[in-house]
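Engineer: Now for the letters of each chain:
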Amino acid sequence: MITPGLTESDPLGVQRALPIDAKLDAIWRTQPGLIGTLSCVDHKRIGLRYIVTAFIFLIVGGIEALTMRLQLSHSNLTILSPEAYDQLFTMHGFTMIFLYAGPVLSGFSNYLWPLLLGSRDMAFPRLNALSYWVYLLAGVFLYVSFPLGMAPNAGWFNYPPLASGTYNPGPNIDFYLLGLIFLGISVTVGSANFLVSLMRTRAPGMSINRLPILVWGTLTASIGNLLAVPAVSLACVLLFMDRQFGTHFFDVEQQGQPLLWQHLFWMFGHPWVYAIVLPALGIVSDALPTFCRRPLVGYTPVAIATVATMVVGFGVWLHHMFATGMPMLSVAFFSAASLVITIPSAVSTFAWIATIWTGKPVLTTAFLFLSSFIVLFVIGGASGVMTGAVPFDWQLTDTYFVVAHLHYVLIGINVFPVIGGIYYWFPKVTGRLMNERLGRWNFWTMLIGFNVGFFPMHIAGLMGMPRRIYTYDHGLGWDTVNLITTVGSFVFAIGVGLFLVNLFVSLRRGKAAGDNPWDAPTLEWSVPSPVPAYNFRVIPIVASRHPLWEGRLDEFPERSSLTDGYVLNQGRETLATTVLDAQPDLILKMPGDSMAPLLLSLALSLLFVGLILHSAWISGMGALLSGIAIVIWLWPKRALGQRAEAPHV
Amino acid sequence: MNGRHFASAASLLALCGCSYAPLTYMRTYGPAADPITSLGWGLTIVCSIVVVVITMLVLIATLRARATRGSMAAIAISRSSNGLLWIYIGTGLSSLVLLGLLIWTMITLAAVADSPKAPSLTIEIRAHQWWWEARYIDPIAADTFVTANELHIPVGTAVRLRLIGDDVIHSFWIPALAGKTDVIPGQTNAAWIEATTAGLYRGQCTEYCGLQHAHMSEAVIAESDAQFQQWRTLQLSDAASPESATSLQGQQVFLSHCAACHTVRGTDAGGILGPDLTHLMGRRTIAAGTLPNNLDSLTRWIANAQAIKPGCQMPAVELSHEDLVAVVAYVQTLD
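As given, the protein sequences belong to chains U and G, one line each in that order. Quick note on our numbering: the first sequence kicks off at 1 and runs consecutively. Quick note on our numbering: the second sequence kicks off at 1 and runs consecutively.
Hints were generated in silico from the structure; no laboratory data involved. All of these numbers come straight from a predicted model, not from anything done at the bench. All C-beta atoms in this analysis are idealised placements derived from N, C-alpha and C, irrespective of residue type, glycine included. Careful, some of the hints might be misleading.
[Unchecked claim] Only some residues are given here: those of chain G computed to face chain U with a beta carbon under 7 Å:
hint : residue
1    : Tyr25
2    : Leu43
3    : Ser95
4    : Pro175
Using the sequences and the hints, build the whole thing.
Structural biologist: See below:
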């Protein structure tokens with residue numbers, strides 16, 4: 001029986017507190033109380049807020065899904081009205097894709113990046129807080145529509161003309177459009193922050209060929225987001241103008257083009273799919289090797305594959321539109337690109353298998369989640385190849401086969417690594433291990449429930465069941481397969497419930513973890529658990545990809561320096577390094593906790609509330625207050641070196 | 001489709017306890033679909049093999065050298081082999097398989113892109129929330145006629161479909177005969193179908209189109225050329241005049257309550273918002289496949305369509321019981 005935890009042979013042990021720790025803590029600690037909570041810019045707390053909020057949305061979206069599964073468990077049921085069903089599947093999609101899958105990975109990266117990179121915070125701590133607050137408020141904004149009975153009801157893809165003012169005059173679609181534009185602000189500032197953090201706030205020696213794969217994943221996703229989000233924000237602005245100001249971008253009567261929406265939406269939508277899986281693949285690439293007791297096989301090919309996936313990912317959007325009557329040459333090109341994008345995935349898949357094969361796998365719960373992910377990833381990839389083959393896609397598209405495919409992709413490639421990642425990093429965050437016994441129950445219930453629930457959807461699809469129907473006739477032969485899916489989805493939900501139970505139980509009663517319970521190789525495991533406010537006592541100097549293993553791997557003579565490095569204790573400071581080689585460059589003065597991000601988010605909310613209420617007054621007030629919040633935010637501060645020193649008299 | 005494929009299809013369906021799935025596309029009956037079906041089975045089999053192989057590899061890799069006792073830190077860290085051969089071979093094989101599938105895909109695409117023979121029949125299909133209008137085009141204007149939801153086609157003849165959007169986006173799909181083509185407002189999409197075997201082929205709208213997306217079925221009835229010509233001749237004729245007193249009364253009710261939306265050729269009823277009902281009784285179903293076409297369904301539907309298909313464009317019509325009976329009697333004369 002494998003028992004994770006500290007042993008005598010543990011090379012690091014628990015670090016002893018030194019006087020410098022108290023000084024750094026005083027500099028970096030967030031004040032307790034409400035003001036501290038609301039003004040906090042600590043990347044770790046923001047990261048946890050992201051993860052907790054995303055899981056709340058996951059639970060809400062899951063309840064929506066279970067309600068729909070009840071309605072579909074048998075033919076001709078009337079548990080839900082057609083309108084209720086339409087709102088539920090729209091909100092389920094929006095919630096899971098925009099409010100869970102993306103943000104949960106932002107949470108991981110927010111928490112982990114400075115720890116992985118060896119810095120004290122992200123490059124723009126206040127922007128980080130803004131990104132979280134806007135995400136939260138955009139989610140709340142969208143969900144306010146639900147109790148009002150005015151939730152979006154045209155699908156998460158929201159195609160006009162069904163989403164136009166003519167066919168959908170209520171405020172439902174305005175909630176969708178404004179909510180998505182609002183959320184886009186969060187994604188954009190968050191991505192910019194990741195990008196700059198990567199370029200400037202790595203520890204000395206953390207050159208780009210030593211970055212953990214999670215960093216590559218989030219970096220790639222962030223660049224993807226910065227290029228993709230403008231497309232969907234633009235689409236939303238155009239449709240909002242069509243609906244509210246009488247423009248005709250999508251209005252057929254006035255020579256508008258409904259397909260313009262689909263192009264803009266999927267130019268965003270497909271890269272977004274990669275943005276919400278690549279960091280999760282990074283979690284696997286970083287955590288799995290620890291449990292295989294060896295470095296990842298093929299670091300360089302996997303890093304290149306990550307980037308290649310996103311590059312090709314910008315050239316496949318038309319495969320969501322194969323049935324729209326495109327010229328054959330176009331569909332042939334996009335079909336080929338959709339098959340080619342499988343190749344980088346094959347690189348990663350065989351890298352993981354080789355890592356397990358040539359390693360000595362330790363079957364912890366985290367390992368079970370991460371290794372079973374490989375199989376789910378391949379199932380989702382294989383069904384992706386099937387839908388990428390254009391003629392067969394003409395049959396598969398808009399059937400339950402695609403529902404099965406996308407759930408294998410989103411649950412298999414996002415939820416499984418995320419939960420595996422939580423089992424892996426929970427000790428670092430809380431100082432306690434999660435319960436392994438409950439973990440086994442959690443894992444098997446989720447794995448069995450997921451496959452019983454979602455695999456039959458492939459069959460339902462091959463039997464011709466269309467998506468987004470609120471009911472079906474008995475004579476179509478879909479009853480049994482739907483009943484199995486409903487049962488499986490409830491088992492899966494119980495599995496997720498067991499995970500939450502384990503989380504709460506372990507939070508209070510988990511075994512003490514020590515600093516490095518898995519004997520893992522990367523920088524975050526060199527600091528105490530839970531992580532102090534200042535992250536690193538000294539900014540480390542990195543000499544390899546595996547600072548904590550390099551003595552044992554003994555592949556290079558150089559050694560990382562984790563105890564001797566830059567102290568930087570004159571206020572909140574971290575080290576800036578050069579972009580490629582991570583040579584020390586500057587000392588960055590970091591801003592302290594601030595209410596400005598929250599104020600700006602609230603002011604922006606007011607602006608969007610005004611738009612939904614058609615109130616120029618409220619919107620104007622929101623815009624004005626946003627301006628004031630930005631001025632407060634940017635007001636030059638002496639502590640940050642933004643104002644000249646007062647002359648000494 | 002050959003017999004072997006059918007056997008696999010049957011076993012697949014039997015697997016999930018269903019003996020009959022009229023909307024499956026794993027068995028097809030026409031040249032616009034058959035090459036796709038072969039490709040579909042090929043993809044299914046290749047992808048299943050890939051999934052099984054990878055699953056086995058993950059299982060074997062996990063179990064063959066797993067550490068069984070001691071703490072994690074007690075297990076030595078080593079890079080025993082660099083493992084890159086796995087990536088080279090795995091990715092190389094995957095690429096070869098993908099290349100093969102890509103070629104097969106392109107060959108299939110070329111095979112079904114257009115009908116090899118010139119279509120001898122053109123049907124213009126307009127998709128509405130939530131029913132299908134079908135106009136059989138003839139060079140002679142008088143020989144053009146309109147029907148709804150059920151298309152008749154002669155076996156062995158390629159049929160050109162012109163898909164015209166009206167309100168929102170829909171998608172036309174007869175899985176046994178061809179893949180989907182979206183019906184998009186502002187553009188006319190083309191598709192073609194041909195049935196090699198006589199029979200009834202069901203279909204359903206597959207682009208989400210609002211409240212009653214679930215109740216927007218269509219069907220194609222493929223029949224011999226003689227039967228088709230007979231059907232066509234009937235469709236070109238006006239409606240027969242009602243004979244019984246009740247149906248005559250029903251006709252009056254129809255003209256005052258229904259004619260604003262429905263056409264019955266040969267009468268004053270000329271509405272164009274709803275389906276043309278001139279030969280309603282020739283159709284198997286009503287309300288785009290929602291109900292079987294019989295006395296009971298017609299009565300329930302006319303009395304309160306909203307109870308059956310909530311949100312549909314057919315309003316609940318205020319009719320006395322007597323008028324209801326009469327109008328049902330009248331529409332039942334529309335052979």
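Engineer: It remains to establish, for every hint, whether it holds in the given structure.
Structural biologist: Hint-by-hint comparison with the structure:
Restraint check, G/Tyr25 versus chain U: the minimum CB separation of about 4 Å is within 7 Å; hint holds. Among the interface hints, the one on G/Leu43 holds; its C-beta lies about 5 Å from the nearest C-beta in chain U, closer than the 7 Å criterion. Annotation: G/Ser95 was flagged as interfacial toward chain U, and the flag holds, the nearest CB pair being 6 Å apart, inside 7 Å. Here the hint on G/Pro175 is kept, as its CB sits about 5 Å from the closest CB of chain U, short of 7 Å.
Of the hints listed earlier, there is not a single one the structure fails to meet.
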